[in-house]
Amino acid sequence: MKRKRKLWIACILLVSLLVCCMPSASALGYSSEISSIMSTFSLQNIYADSAPQQQVNGSYRTVELLEVIAHEKGCSSSSVSSIMSTFSLQNIYADSAVQQAVNGAYRTVELLELIALKWD
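All letters in the sequence shown, in the order written, are residues 1016 to 1135 by our numbering.
Warning: the hint list may mix true and false statements.
[Said to hold, decoys possible] Keeping only pairs whose Cα atoms sit at most 25 Å apart, straight-line, the calculated DMTMM-like set for lysine to aspartate or glutamate is:
#1 Lys1088 / Asp1135
#2 Lys1088 / Glu1125
#3 Lys1133 / Asp1064
#4 Lys1088 / Glu1128
#5 Lys1088 / Glu1048
#6 Lys1133 / Glu1048
[To be verified] The following label-pair restraints were derived from C-beta to C-beta distances:
#7 Gly1089 / Ile1061: 34 to 40 Å
#8 Ile1061 / Ser1092: 29 to 35 Å
#9 Ile1061 / Ser1094: 20 to 26 Å
#10 Pro1067 / Ile1107: 31 to 37 Å
#11 Ala1131 / Met1053: 21 to 27 Å
Hints were generated in silico from the structure; no laboratory data involved.
Values in this document were obtained by computation on a predicted structure and should not be read as measured data.
Using N, Cα and C, we set each Cβ at its ideal position, and we do this for glycine too.
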């Protein structure tokens, strides 16, 4: 459990760092997307009945923020779309918050890989 928590905190810190380091996002029109994602984050947090649901909410918003970053950094649109399609499909198939959290974690890793390769 502590390992998951540390991984989760590391992901949140990484996304925070990436978001802070992209000053051109608002200039390119991503500020409304980011605001929408954060509004959804706040709303879903209110609706969450448990810590696992809050974890899923955080995980899903992380994926959405990474999608914005991937687009802003010029990652392949088809690669990003493929990851997001898998994200949506796996969300439909998920039977529990645990499966949803895993879906979010996997898509986070895939999007981080795309972004990291773009910076290489």
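Quick rundown of the hints versus the structure:
1. Lys1088 / Asp1135: Measuring from Cα to Cα gives roughly 12 Å; hence the hint holds.
2. Lys1088 / Glu1125: holds (15 Å)
3. Lys1133 / Asp1064: Violated - the C-alpha atoms of Asp1064 and Lys1133 are around 38 Å apart, more than 25 Å.
4. Lys1088 / Glu1128: Distance of about 12 Å is within 25 Å: holds.
5. Lys1088 / Glu1048: The hint holds at about 15 Å.
6. Lys1133 / Glu1048: holds (21 Å)
7. Gly1089 / Ile1061: 34 to 40 Å: holds (35 Å)
8. Ile1061 / Ser1092: 29 to 35 Å: Holds, at about 33 Å.
9. Ile1061 / Ser1094: 20 to 26 Å: Taking Cβ atoms as reference, Ile1061 and Ser1094 lie about 33 Å apart, which means the hint is violated.
10. Pro1067 / Ile1107: 31 to 37 Å: Violated, at about 18 Å.
11. Ala1131 / Met1053: 21 to 27 Å: holds (24 Å)
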